[in-house]
Every structure is written in C-alpha cells, then in structure tokens.
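Engineer: Here is how the chains run, residue by residue.
2 protein chains.
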Amino acid sequence: MSGNVDIKRLSLNQITTENWSLREAIEGCVRHDIPSISVWRHKISEIGLKESKNMIKASGLSVSSICRGGMFPAVNASERETRIEDNKRAIEEAAELGTEVLVLVCGPSPNKDLQESRKWVQEGIESLIPFAEQHQVKLGIEPLHPMYAADRSVITTLGEANKMQRMLGSRQVGVIVDVFHVWWDPFLYEEITRASGNILGFHVSDWKVPLPDIFKGRSMMGDGVIDIPRIRQAVEEEGYQGAIEVEIINQDIWNMPGDENLQMIKERFAACV
Amino acid sequence: MSGNVDIKRLSLNQITTENWSLREAIEGCVRHDIPSISVWRHKISEIGLKESKNMIKASGLSVSSICRGGMFPAVNASERETRIEDNKRAIEEAAELGTEVLVLVCGPSPNKDLQESRKWVQEGIESLIPFAEQHQVKLGIEPLHPMYAADRSVITTLGEANKMQRMLGSRQVGVIVDVFHVWWDPFLYEEITRASGNILGFHVSDWKVPLPDIFKGRSMMGDGVIDIPRIRQAVEEEGYQGAIEVEIINQDIWNMPGDENLQMIKERFAACV
Chain A
1 MSGNVDIKRL
11 SLNQITTENW
21 SLREAIEGCV
31 RHDIPSISVW
41 RHKISEIGLK
51 ESKNMIKASG
61 LSVSSICRGG
71 MFPAVNASER
81 ETRIEDNKRA
91 IEEAAELGTE
101 VLVLVCGPSP
111 NKDLQESRKW
121 VQEGIESLIP
131 FAEQHQVKLG
141 IEPLHPMYAA
151 DRSVITTLGE
161 ANKMQRMLGS
171 RQVGVIVDVF
181 HVWWDPFLYE
191 EITRASGNIL
201 GFHVSDWKVP
211 LPDIFKGRSM
221 MGDGVIDIPR
231 IRQAVEEEGY
241 QGAIEVEIIN
251 QDIWNMPGDE
261 NLQMIKERFA
271 ACV
Chain B
1001 MSGNVDIKRL
1011 SLNQITTENW
1021 SLREAIEGCV
1031 RHDIPSISVW
1041 RHKISEIGLK
1051 ESKNMIKASG
1061 LSVSSICRGG
1071 MFPAVNASER
1081 ETRIEDNKRA
1091 IEEAAELGTE
1101 VLVLVCGPSP
1111 NKDLQESRKW
1121 VQEGIESLIP
1131 FAEQHQVKLG
1141 IEPLHPMYAA
1151 DRSVITTLGE
1161 ANKMQRMLGS
1171 RQVGVIVDVF
1181 HVWWDPFLYE
1191 EITRASGNIL
1201 GFHVSDWKVP
1211 LPDIFKGRSM
1221 MGDGVIDIPR
1231 IRQAVEEEGY
1241 QGAIEVEIIN
1251 QDIWNMPGDE
1261 NLQMIKERFA
1271 ACV
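Quick note, the sequences are listed as chains A and B, same order. With our numbering applied, the first sequence covers 1 to 273. With our numbering applied, the second sequence covers 1001 to 1273.
Calculated directly from the structure, the hints in this document are not laboratory data. Where is the CB? At the ideal position from N, CA and C, for every residue including glycine.
With a Cα cut of at most 20 Å, we get these calculated SDA-like pairs of lysine to any residue: (1) B:1163 x A:190; (2) B:1216 x A:215; (3) A:8 x A:268.
Derived CB-CB ranges, DEER-like: (4) B:1238 x A:48: 53 to 61 Å; (5) A:187 x B:1216: 27 to 35 Å; (6) B:1209 x A:193: 32 to 40 Å; (7) B:1136 x A:238: 42 to 50 Å; (8) B:1085 x A:111: 46 to 54 Å; (9) B:1042 x A:27: 53 to 61 Å; (10) A:189 x B:1167: 15 to 23 Å.
Some chain A residues judged to face chain B by a derived CB distance under 7 Å, without partners named: (11) 112; (12) 146; (13) 147; (14) 149; (15) 150; (16) 156; (17) 160; (18) 207; (19) 209; (20) 211; (21) 214; (22) 225.
Given the sequences, and given the hints that come with them, work out the whole structure.
Structural biologist: Structure follows, in structure tokens:
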C-alpha cells in the first residue's frame, strides 16, 4: 500500500498527544526518533514562548508548523481587527520557534451569510501578508471538512483554498492538504495539481466507519477508507517534499499511553502512508 | 426570514415520522392538512405495495417521491446487477404509487477508489434510463453531505450530480437539492443555476451546532445555521415550483408525539422556509 515514505518526514502534530504537555511531547519525539513536531499555541501558552523555544532548541527537533491562526469572520469590524492582532502574535510565535508555516483554520460564519464570511477571511489573510513577509512565515490556508463549516471553517474545499490563494496573489500564502478533510472531494486531484508549488503542509489520519465522533472523529492511518498513499504521491508530484504531520483528534488515541501512541504512529506511518 | 411559501407545497418525507407506519403517516398528513407525502420503501414493504397504493389513493394525498433507489457501487459485477434489479423494483413502486420521482442515494464505495465507484454509479443510472422512461419515473440524483461519503454516497456535491446528469444526457435524470447536504458549498448557487430545469426535488431541515449526531444529525427548520429561504428562492428561480419535502432524521424528533411533530413542521415551514 505505502510507497515507503522516508520516516525522516514524520512530524508529530501535537494535538495527537493532547494529554501531553509540550515538554512531554518533545521528549516523546526524541525518545522515538521522530524528527519534527507541529506545535499548538495552547500548549505554548502553558509554559510561555521563551521556555518553549529553549526546549525545542535543546531537543534538536524541527518545527513543521504552528497550529493555528485564522478565525477571521466576525460581524463587528473591531472584533475582526482583534482576530487579526491575534494572528500577528501567532506569526511572531512561528518565527520565534523557527517554523516557516502558520496553519490557518479560517473560522466559521457568525451569521447565515457564508459568502460575506469568506470575504472576511480573504481580507484578514490579505492584511497579514506584509507582517508575515517581515517574519518570514508563510500562511497555510487549510480547508476543513464541510462537516465543520458551521463551527470551524467556511473554507471547506481545496478548490476554495486555491482560489483564495490565487486571488491574494502572494507566495506568502499557500495551502495545507489534510487527507481527513479533503479525501471525499471529486475534484481533489485536479486541485492538488492546481496547488502546485503552493503546498505548505501535508497532514495524515484516517476516516473510519462509523466515525467515532464529529470533532474527535479522526482515526489512525490504516483504520479507515482514505487512500493516503495516492494523495501523498499526488502532493509529492506537485513538489511537496516536506514534513508529513500525523494529526489525530480522537479521544481513544488521547487515552493511550503516549509511548504506545508514538510507536503505533511510526508503524502505521511506515505501512499506510 | 421566509418568503411566505405556500403551505400547499409542504410534503412530509416519511423518515421524519420514522416511528409511524405508512398508515399512521398518511392519517397524520390528512389530519394536519399536509397535502403530500414522500414514501420510504421499508414502510411500503411492511404492508405491501397494493395496500400502500390503496391507502394513498383513498387519502387523496399526492406522493412527491419514493425514497430510495441507488446504492450502485459494488466490486462484483453480478452484485451491481442485483442492485440495478432492486432499482427497477423501486421504479415500479414509484409508478404504482403515482409519483414521478425516485430519489437516488447513490451508495458508498466498496474500496478506496472513489472514481471507480462514481463510474459504477453513472453506469447504473444509465442502465436504468429506458426502464424509467417506460414507467414515466424520473431519477433524482441526490448529492449527500461529504460526511456520508464513506457509508452512503460517493456523490457529495451538486456539482458532481449536475456533471453526471449532463454526461447521461437524458431528461429522465435530474437532481435533488437537500439543504442539509449542500448548504456549505461555495459553488452552491452557481450549481443551482446550472441545474436549471433539472431539479426534481427540494428537501428542507436544518444544521444545528453542535450536530446532535452524524446519521441522525438533522434538525427542525429554524434551529440551525442554514439560510433556507435563500436556497429555496434560488431553486425557484431555476424553475422548481414543486413539493418541498421536510426530511428530518433526528432521534428527538422521532421521539416526539407524531401530531406535535407535524404541528411544529407546519409552523416552521411557514416561518423558516
């Protein structure tokens, strides 16, 4: 099944070990020879940016991305400005931790007008571009599965993300391909081709039937229906050779002893990605 | 909110009163002056087609559609043939009950190759066209929400359904627009325009946050985030003036006394559709 992807591309997206602190996640990666990590901001805030930076530096891990910026739509203009300010802090954190990529979960609509919210997303990202350039951080628009359209992101397909990337017309902005969010899309492979050169991240997990939960709905690679190797190969053909983040939001996986979790991740990464 | 839709367009999709038999649902509609019903095949099979036909005829209700045909993909060719035969029975039932529309839930993929399954769907529908013509029954491709891609339908957007309708090139085939399945789609209004003249049904419910369940995830109109009147008006502008089916799969609504359910449906239909 797998095309024998290099284990050196494995990155632990920290939400996969949600019960661990940043320190525990870093130590786990080191113990299991996982070379990189994607860091979540709520974990940074537990110990502060300086301490986070020092720990990561001492560990030798590279940081594949920071999760997450975004959440742009709000009815009130001053509230939208507050969100943009928060995104600037996220960009600073990304720069400080030495990663090139800030993942954007664009946010839900505060009302029933999705088109207006999509416009606010685009305006929000546009206003961040100069700041992101200064900090040498790229902004990765991550389309989320349409089942999260009402509460997490009005950007639901790679087609939309690509369209927005083109309209923004900046190489500072790219897209993130997460198999859980996009696997079902009949235009997936065309849109991966269209994203050529702009892919900033590739995330893996699986879609198990029945889905265990809506928010905590992802499963370990190999336990579901997604043709992960095919999507990976398509992304690679368009020039993405960077880290592959394992991002699994799932209560049962969170409840596993962290070391067993990382061991299984490595096995499944080798066998199913 | 509502554009004051005519109550005469209200149709009870029978799954909304899942705890009722066909007889109870028919009697409920008559009691509440609901002029039409969409009948499910598992309810027909409880009492037989002849008895179902007689009851409907005696009630004076019109039948807006039969739910459901479809489920085309299967690895084995003889199994696909069996599914097509079952669809022929569904077409016969539709003809017998005097409805023009068989709703197609196209089916999930038996493997990880979604493209192949979409091809089987198209071949399955194509093979049914002559039989559907003979029986004067139209085949309505219903795109389902992408969260059902793994277990119910590989056809997930109105764009795909339109594309398939065009490739089949027959006026015997059209599309069904169900707001729960399509509301999130950034290309929704363009695709409704593209479906002009081919819309065979319009279904309403709502998307509540948090979603109560995945399969039983729909809510009463007005309880969620969907801009139902806007979608209805778009569908009407493209020529659809037929029945509006209320189709709510939700355990709490199923647990309500049926008469309270129908009363609420009528109120919300007037206020929120």
